[in-house]
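Novice: Here is how the chains run, residue by residue.
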Amino acid sequence: MSEPASAILTLEGLDVRLPAGADRSHAVIGASLSIAANEILCVVGESGSGKSVMANAIMRLLPNEVSIDAGRVMFEGRDLAAASTAEMRAVRGAGIAMIFQEPMTALNPLRTIGDQIGEMFSIHTGLSNAAIRARVLALLEDVRIPDPDSAAKAYPHELSGGQRQRAMIAMALALDPRLLIADEPTTALDVTTQAQILTLIRELQARKKTAVLFITHDFGVVAEIADRVAVMQHGHIVEQGDAASVLYRPQHPYTKQLIAAVPPLTAPPPRKLSDDIILTIDNVSKTFRTGGFLGRGARVTHAVKNVSLELPRGATLGIVGESGSGKSTLARCIVRLIDPDAGAIMLEGKDWAKLTREQVRRETRHIQMVFQDPFSSLNPRRKAAELVAQGPIVHGTARAQAIADAKELFALVGLDPSASDRFPHEFSGGQRQRIGLARALALRPEVLVADEAVSALDVSVQAQVLKLLAGLRERLGLSIVFITHDLRVAAQICDLVAVMKDGEVVEHGLAGDVFGNPRHPYTQALLDSIPGGEFARKHETSVFT
Amino acid sequence: MDAVKRYFRSPAAVTGLVLLLIVVAMAVSASWFYPREPLALAGRPLIWPFSNPRFLLGTDNSGRDIAAQILYGARISLLIGGVATLIAIAIGVLIGAFAGYYGGWVDTVLMRITEAFQTLPNFVLLLVLVAVFGSTLTTVTIAVGVVSWPAPARLTRAEFLSLRNREFVQAGRTLGMKDIQLISGEILPNALPPIIVYASVIMAVAILLESALAFLRLSDPNVASWGNLIGLGRDVLRVQWYVSAIPGIAILVTVLAVSLVGQGLNDALNPRLKGR
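Here the protein sequences line up with chains A and B, keeping their order. In short: position in the first sequence from 1, add 3, done, that's our numbering. In short: position in the second sequence from 1, add 230, done, that's our numbering.
In isolation and in its complexed conformation, chain B is listed as follows:
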């Protein structure tokens, strides 16, 4: 595979992948290092990091272990990032593919709907959705996915517009293929590389959206998430700043890792664009 080789030739892309694997390892090993419930009270509140070997990263204002919350939080961030991205890409590809393939009034209707969604700031839309449907982990994930689909829809549509008149698609039609076979078997595989690359952007944004929601204390309070921890730390920000800073660094590293992987994928899948 040329693409794989090209990917590993870029130091930035490899760094991103290593960071991402570390975050995944944190998520996987969470219950092994901390078999207890991460939100249970563990000790004295507000212990500074590295001052007590039992609480490596200290405790928050209610005396919960920050290290445990960071490890468990990785699960939540990856879960929300991954699932919300899948939802956004699924809706986006579906709408973009139909709009781009059929054109005409189908395209007009679908694109007006997309634009209607795009004109709303997506964080405001997210707040409304969470306010209406409540803030459990499921609704938050779906809501993040639902506000992120317009961009991949437009991207998919653009790819379909340029691919649908290619001769191999016409050849497929003269072979007697149905529209759905042409869309899914002929055009979509050729349209995927930029969409896969864009998925990394959506994933990074999804993680940030959830954190922002949690910071406003509108995310699910019953799970250990990085955003929740930052939100808690807000009350003690001026003195015990580490309560917010530690999960902040975790978010920074994760988003950076996802972006680097995305950039690496972009260079690997579209080698001709590199160096421009």
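Chain A extracted, bound-state conformation:
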């Protein structure tokens, strides 16, 4: 690749060493790339590919036991890898700024937004307090925070996730840095907010001619924002080039594999649905009350409002919505982790909403749940086989029998049965999620409730788990309630889709209809916000082919 004349940052054969005992010796190996002014370079890779470590290495924000042991980081004619701590302090913020994934933890909760942005000026410039205040307001206006005046006086917890990320961007851009490093800045945000933030970054970048190093795991985001792309795998940059050629004509097998795993936004051809309704959700409501004294001044949240849905036997019902839409509360009502306030949940002729705790315990084998977080959903002190056998043991199966059955289930979910005496931490995220699935299947449920079951997984692993789920649905005749915030995932596996907003179902119907011909404006907004929508529609491969 020829060196662009105006390269702002150039990495030359950068190696970052990990401490002994890590899963590989180097987090980043021989990384070479350059970013020109006024361009957005996306670094894509799955978790553990070393993309974040590389970003932190540029800023020299590595933990003590991790170090750069070869290569150069050339920024404005200086090698940052060899710069002193004092020199780095001058570069950070002023020369290179950074925004992070979780704005809530990146902001100091005890200081106002205005204070924290103003700090950039008081550290790096000699402006007066009044001048700083004016600059802060101008910045907040730049990032389009509604009502900048009160946003400057607000504390981080008083702003929404999107507004906090805008504040972070304002802070990063305060000193007009030459380079902005954005480490998964939209991953923690809802899809509609993500679309706004991406537009904002693009716009500010174009106006200020900043170079942006944008780190992401999402090819949709890449399609949306990137000028050039670098793909990372196991610490190596395996492919780089301009966005269009990498996305549509990938050369490296790994890139091809990643792009193939991106779920396309077109629903697979509809399957024949049974007329037999296995689960009926009828006018279910749940209200949370917090705070207040003797019922006065309490904050009331209508998490689920009069939701009615039906799940035919053997079908998959997707419930999609953004955070706070009440989809998880609904899922927990269905399995009675939360008691609904009103309504009926009919399963096998019994009203689940009205069963006593004791009855729920006995009937629970009919309906099981798969959880979101592959790390916290498995008890770290039990072996995998035990975890899977737990349910049957509770319901009276002999221990030896249950463990033997668990090993069979391991094979069913695509895990090596001989791995069943390992502890959860010895498995990868995707494997843990398979253990969670095996645990739910151990009771031979008719209905499976999957709450964001693939959201925490890398895209290639996500595709495998979805495929597994679809296969099991056929083989075991499972009916699935599939909760997700990701419409692309919902489009892949769901026969029926219900869109939730503020506790209500605003639209539901066959997946093909909802995605192909959305009627409610909110559904349309959701679909429009999907990053790289054009790319997702064009690209044909499906996880099921």
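If you're looking for bench data, these hints aren't it; they were derived computationally from the structure. One should not assume that every hint holds.
To be verified - Quick partial rundown of chain A residues pointing at chain B, CB under 10 Å, derived from the structure:
hint	residue
1	L21
2	T269
3	R335
4	T367
5	F378
6	R384
7	P395
8	H398
9	G439
10	V452
Just so it is clear, CB atoms sit at the ideal spot from N, CA and C, and this is done for glycine as well.
Once you've looked at the hints, dock chain B against the given chain A.
Specialist: For chain B alone, coordinates are given in the frame of chain A:
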């Protein structure tokens, strides 16, 4: 076992373990070295240490062998420390687990009771208990245990509060587990490491509490304990200071050993906290 390996990597933790093993060896070998009753009169009173080979550590003001009392005293200290700690942890875990798991009014009631106990200085409470129920070895041990439970209760409650909403607990509930299975099988094993570490603190304090009680001559006078010996030595403190100093060193070493072991356990069980 990673934790075991990490434990033995720390020199302080190993030192603590060696010291603790020495104290245990003293306790075990007491009747082998001194088959006679340790409280029996053995010779002339107030013989200085190392001046008579028959009484290596000298004799106290009634002519009893100090070395014998130190060895037998190790038994008492370890017994009181161990049993009182078990009692305190048992009560504390029980109350903390229920308060943390159920929350709501159960939590409010149990925590108000805990706070009521915490506001009383525990040595004063110990004095009252011993004054009311008498000072035999059994009552002293139970009393020490009973005054030490509030701290582990609060610790257990805090652990339960953070663990009870974890997804694996919810998963257990959707599998149809009873509350008691969730508490004892799912949450408690994950809550134990900090409680085990705290147990070493309770053990050290329990040993000190018994000694303090004995110093005030309120502990069981019919057993050879380090505290009793210090209490006796009080009368001759200005000249024959060794009568109090020798058991004092024994207490110091034991408490230090227990604390070092506790710190070592902490580093071994919570490796991520180390070096902060």
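Novice: All hints, please: hold or fail.
Specialist: We went through each hint and held it up to the structure:
1. L21: Check failed: Cβ of L21(A) comes no nearer than 17 Å to chain B, outside 10 Å.
2. T269: violated, 32 Å
3. R335: holds, 8 Å
4. T367: It holds, given that the least Cβ distance between T367(A) and chain B is near 4 Å, below 10 Å.
5. F378: holds, 9 Å
6. R384: Since chain B brings a Cβ to about 5 Å from R384(A), closer than 10 Å, the hint holds.
7. P395: It holds, given that the least Cβ distance between P395(A) and chain B is near 9 Å, below 10 Å.
8. H398: At 6 Å from the nearest chain B Cβ, H398(A) passes the 10 Å test, so the hint holds.
9. G439: holds, 7 Å
10. V452: holds, 9 Å
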